[in-house]
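For the protein sequence lines, the chains are A and B, in the order given. When you line the first sequence up against my numbering, it's residues 96 to 586, in that order. When you line the second sequence up against my numbering, it's residues 96 to 586, in that order.
Please note that the accuracy of each hint is not assured.
For identical chains, the list gives no copy identity; a pair is met inside one copy or between any two copies.
Pairs of lysine to aspartate or glutamate residues, derived as EDC-like cross-links and limited to a Cα-Cα distance of at most 16 Å, are as follows [said to hold, decoys possible]: (1) 182 / 291; (2) 193 / 211; (3) 193 / 183; (4) 208 / 251; (5) 548 / 520; (6) 172 / 199; (7) 193 / 178; (8) 523 / 141; (9) 303 / 425; (10) 391 / 495.
Just so you know, these hints were derived from the structure itself, not from any lab. These numbers come from a predicted model, not from an experiment.
Protein chains: 2
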Amino acid sequence: MKKGLPNRSADYSAWYNELVKKTDLAENSAVRGSMIIKPYGFAIWEKMQQALDKMFKDTGHVNAYFPLLIPKSYLSKEADHVDGFAKECAVVTHYRLKNTEGEDGVIVDPDAKLEEELIIRPTSETVIWNTYKSWIQSYRDLPLLVNQWANVMRWEMRTRLFLRTAEFLWQEGHTAHATKEEAINETKQMLDVYADFAENFMAVPVIKGIKTENEKFAGAVSTFTIEALMQDGKALQAGTSHFLGQNFAKAFDVKFSDKENNLQHVWGTSWGVSTRLMGALIMAHSDDEGLVLPPKLAPIQVVIVPISKNQEELEQINERVKIIQKELKELDITVKYDDRDSLRPGFKYADWELKGVPVRISIGKRDIDNGSVEVVRRDTKEKNSYSLNNISETIAELLDNIQQNIFNSALSYRSQNITKVDHFDEFKKVLDEKGGFISAHWDGTVETEKKIKELTKATIRCIPLDNLQEEGKCVYTGNPSSQRVLFAKAY
Amino acid sequence: MKKGLPNRSADYSAWYNELVKKTDLAENSAVRGSMIIKPYGFAIWEKMQQALDKMFKDTGHVNAYFPLLIPKSYLSKEADHVDGFAKECAVVTHYRLKNTEGEDGVIVDPDAKLEEELIIRPTSETVIWNTYKSWIQSYRDLPLLVNQWANVMRWEMRTRLFLRTAEFLWQEGHTAHATKEEAINETKQMLDVYADFAENFMAVPVIKGIKTENEKFAGAVSTFTIEALMQDGKALQAGTSHFLGQNFAKAFDVKFSDKENNLQHVWGTSWGVSTRLMGALIMAHSDDEGLVLPPKLAPIQVVIVPISKNQEELEQINERVKIIQKELKELDITVKYDDRDSLRPGFKYADWELKGVPVRISIGKRDIDNGSVEVVRRDTKEKNSYSLNNISETIAELLDNIQQNIFNSALSYRSQNITKVDHFDEFKKVLDEKGGFISAHWDGTVETEKKIKELTKATIRCIPLDNLQEEGKCVYTGNPSSQRVLFAKAY
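So here's chain A without its partners, still in its complex pose (with noise of 0.2 Å):
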């Protein structure tokens, strides 16, 4: 056990959540399931907000807000919808506290009792669509391309920081279409977007894939997901698309009228990323050193570190780590100078190794008289001697090079982990012993992914989206099938 963090591959779950504890990324709070997202945390999500939301606006959408509550018949208005969430809302039913300043203390007051019941929001749809009659009438008022970022919440019995929570932070995208092709094409591109963003932000490599009818979102005509793989063999849902068909135009009764004058409903897709993916980022990089954070999610990308024997070596230290600072800052590299008076070196590399930060410095009077630096990266521990006098391009190159690298570290991991599996015996030794992702045959039936679920555990992640045709035999029953499919125990 270091640093206080139980050992990554003694006992994985204890590891994470000690780690996320241990970093100050997130808490959890007096109130069950409900985390607190700390500012180290926060600024991670902040930086993945910016990306996707830049991401989101260069595909031509707008931001917009809409309410927490929804009145619960809402809910009800799609038939699938309301069979997929309601169990798992918090429902708000009065709207005001009686302070009885006596041994009571603070009652509800039943006087004010909602004349219908409001659900906090779980997922939108059903408000937006309900708002999106009157916004749209014509051909023109399409595509309608909307995305909000906002708080959501599904009341979850057993929660996990980031991973699991009753409240979440995500965006939730809601679009309206003229067309089916229009409405998939969009589905498919922000599964893309998706994609892009887990992959050459996140440096988590992901597989683009279909839900099964069973798995998919409730109210959805198909769900895309993205699929990561987490460092102890699970599986974890990053990012999903849905294909809302005109399922959600029926049930609020959304039309347009086309160029030729006629009536139509509208087609329509959501899809959201949330908070989930932070512990996705934590998951498929950090180590029982603590976090390994990719540079360009990193609140803090570089941290120096003064080494003095005497206050006038300090001062020649700082005059010269302004220059550093500064140079770094011009190229856009956000830099923090831990000159922390009170603390030793060696502790101030393991707390900044503990928070991820992928580049240290450390600078001391014979490295300036030297004209260069001692530099470690986070991802592999190296250390090399960088001349002084171009540090800031050093240090950039050396940072897209920890990005990939630490992308390509986890590509070879997924790739080690993903076995073709023909026998049902053979399914449940490589889950058990191994974990992963495991390519089979599958008969197509909901009855058969059931079964295997409950004998092992493992869900179909994803039909891949560029999945080979090939002849097989359904790794459980036998039957013919025309595909692998992915299967693995998930978060």
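Following the hints, complete the assembly by docking chain B onto the known chain A.
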């Protein structure tokens, strides 16, 4: 009635409501008191957020996120706080709905009753100070400078878009300090930040002052405020910054050990601005033609409208516009080319005027031949011809000029609408006929303040910070007073 807008001077209130709707800023939702912020409105709010967030970070604050739901018992820990907020809380009592699939449809599941009811945060002091208890042990943990962007809910009976809604978006800063002096300085610093933002981004002049005991925040020792004047002579509280003393630290038992190892209660502040600022922005500048947006917050700063007789001309214009767009973008100016082919230029002019775009450029073939374009500014409606040679610099300068002019107009209006009054008859007369701020002596008692409010609907907006001390007699009771305070009817 122009563009379907009621006349501003005839019916300010109807003008405001229609303006907000017609310009696609916001609309009412089906949930009473909850608004939908539409994309154009949200784009302005995003610009406000960005500017404020930068100012918060520049003053050393970090963002975090705390739970939406608060156990109702938390509210009662601070006696004034519960009195102030209990009456307007949305209360969550259950965590599950049940789909009966019968006549009743979806009902609240009686088996899913919470042990302790939760309220939707009306503000987050309680949940945050409950958290600070574990974050703060030593003077080394201080100051703690945290901000949160969030939605909050206060169950208002009379609501108006942006100005008073049950759910609204805001930021709330919550800081903790080792000394009283430091906390007071923070309170004042954030008031200055708000004033800076209001004047330099929103172009709305504000008066900084302190609230009376009667008007201060429930739980604060003192509340500082910035007060703005709308074009109908009513005041609007645009932001508040509270010195909390040790009230919340005592209520939640938050102590730190100082350098001498003595345990002390922490000193606190909180401060917030909300989507209410959108109402202030709209009401402070706009006119009968529509919105007038200060360039710094306008989602579109420049619109270009082509004027062509035929396709050939249009193509020539398109080419030239591409260059102009590029030049403007290089100076970070947001530009939209309105090349909708089904609409006449006159319609487009009116449309963008309604939407408050600060600068409109129209360009025809003759303009290109002459090397100049026609430019109309939204604030003064002034029309000028400018050379195409250095058009981007010209426009950049013009935008600065417009920003300043809008502020100056508002400042001049406000100067003309602060009236010194020494008799109560005059007080009532000025309030009825002219409105605006009334500067009058007040005897310092809550009784007089309440009586004046009862008789005139005017409240004490603030005791200005830079107030002149002068002997005088209370405008209502005639009792001695040492300074004037500002009264007004308010939003």
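Residue 523 and residue 141: within-copy, between-copy, both or neither at 16 Å Cα: For residue 523 and residue 141, the Cα distance exceeds 16 Å both inside one copy (40 Å) and across copies (51 Å).
At 16 Å max between alpha carbons, let me know whether residue 303 reaches residue 425 within a copy, between copies, both or neither. neither (37 Å within a copy, 37 Å between copies)
16 Å Cα cut-off: does residue 193 pair with residue 178 within a copy, between copies, both or neither? Classified as between: cross-chain Cα gap 9 Å, same-chain 35 Å, threshold 16 Å.
Alpha-carbon proximity context of residue 391 and residue 495, limit 16 Å: This pair counts as within: shortest intra-copy Cα distance 9 Å, inter-copy 34 Å.
How would you classify residue 208 and residue 251 at a CA-CA limit of 16 Å: within, between, both, or neither? Between copies, since 15 Å is at most 16 Å while 26 Å is not.
Please work out whether the CA atoms of residue 548 and residue 520 approach to 16 Å or closer within one copy, between two copies, in both situations, or in neither? within (14 Å within a copy, 81 Å between copies)
Up to 16 Å CA-CA - residue 211 versus residue 193, copy category: between (20 Å within a copy, 15 Å between copies)
With identical chains, the pair residue 172 and residue 199 could be close in the same copy or across copies; at 16 Å between alpha carbons, which is it: within, between, both, or neither? Between copies only: 13 Å across chains, 40 Å inside a chain, cut-off 16 Å.
Using 16 Å as the alpha-carbon threshold, which applies to residue 182 and residue 291: within, between, both, or neither? Result: close neither inside a copy nor across copies, 34 Å intra and 48 Å inter.
One pair to classify: residue 193 and residue 183, alpha carbons no more than 16 Å apart. Within, between, both, or neither? between (27 Å within a copy, 10 Å between copies)
Of the numbered hints stated above, those contradicted by the structure are hints 1, 8, 9, listed in ascending order.
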